[in-house]
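Start counting at 1 in the sequence shown, then tack on 35, and there's your number in my numbering.
Hints may contain errors.
[Claimed, not checked] Per label pair, the in silico range of CB-to-CB distance:
{"id": "1", "residue 1": "Pro44", "residue 2": "Gly125", "range": "14 to 22 Å"}
{"id": "2", "residue 1": "Arg51", "residue 2": "Gly74", "range": "36 to 44 Å"}
{"id": "3", "residue 1": "Ile47", "residue 2": "Gln138", "range": "27 to 35 Å"}
{"id": "4", "residue 1": "Arg111", "residue 2": "Ser45", "range": "18 to 26 Å"}
{"id": "5", "residue 1": "Glu89", "residue 2": "Glu139", "range": "33 to 41 Å"}
{"id": "6", "residue 1": "Glu82", "residue 2": "Arg51", "range": "32 to 40 Å"}
These are calculated hints, taken from the structure and not from any lab test.
Only a predicted model underlies this, so the values are computations on that prediction, with no experimental measurement involved.
Every residue gets a Cβ at the ideal spot worked out from N, C-alpha and C, and that includes glycine.
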Amino acid sequence: MSRLELDTPSHISNIRGIPKDVLLEELLLNAVFAYDYGGDPPEINMEEAWYIYEMAEAQNTGLRIVCGRCLGIDIRFDEVSSLYYDSYNGEGKCRELVERLRQEYPLDP
Numbered sequence: 036m037s038r039l040e041l042d043t044p045s046h047i048s049n050i051r052g053i054p055k056d057v058l059l060e061e062l063l064l065n066a067v068f069a070y071d072y073g074g075d076p077p078e079i080n081m082e083e084a085w086y087i088y089e090m091a092e093a094q095n096t097g098l099r100i101v102c103g104r105c106l107g108i109d110i111r112f113d114e115v116s117s118l119y120y121d122s123y124n125g126e127g128k129c130r131e132l133v134e135r136l137r138q139e140y141p142l143d144p
């Protein structure tokens, strides 16, 4: 284990190299609904989701509720804190998603 890994808190994940649109879609697909939609939650519209991401980026903020789903995460940088995402969607869920995506988008050696 590298010194960097030892110094990194467990709620921080390195997302460098994972395309933001791919990560955003994966986060949305695994997020809980923000409201009770009576069994008919809104569909995930990636064009709308990407627009919301771009607006959040322009305003220097993270993502809260996107397409009716609770995210509570900022994916603008090379690392994300999963504290809020996991508080909505389950302990360790964000890291699990990032590790799954790492299989397709490995870090450079």
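To see whether the hints hold, each was checked on the structure:
1. With their beta carbons about 18 Å apart, proline 44 and glycine 125 fall inside the hinted range of 14 to 22 Å.
2. Taken as a hint, the range 36 to 44 Å holds for the pair arginine 51 and glycine 74, whose Cβ atoms sit roughly 39 Å apart.
3. For isoleucine 47 and glutamine 138, the hinted distance range of 27 to 35 Å is not satisfied, since their beta carbons lie about 20 Å from each other.
4. In this structure, arginine 111 and serine 45 meet the distance hint of 18 to 26 Å, their C-beta atoms being roughly 21 Å apart.
5. Taken as a hint, the range 33 to 41 Å is violated for the pair glutamate 89 and glutamate 139, whose Cβ atoms sit roughly 24 Å apart.
6. Roughly 25 Å separates the CB atoms of glutamate 82 and arginine 51, a value that falls outside the hinted 32 to 40 Å.
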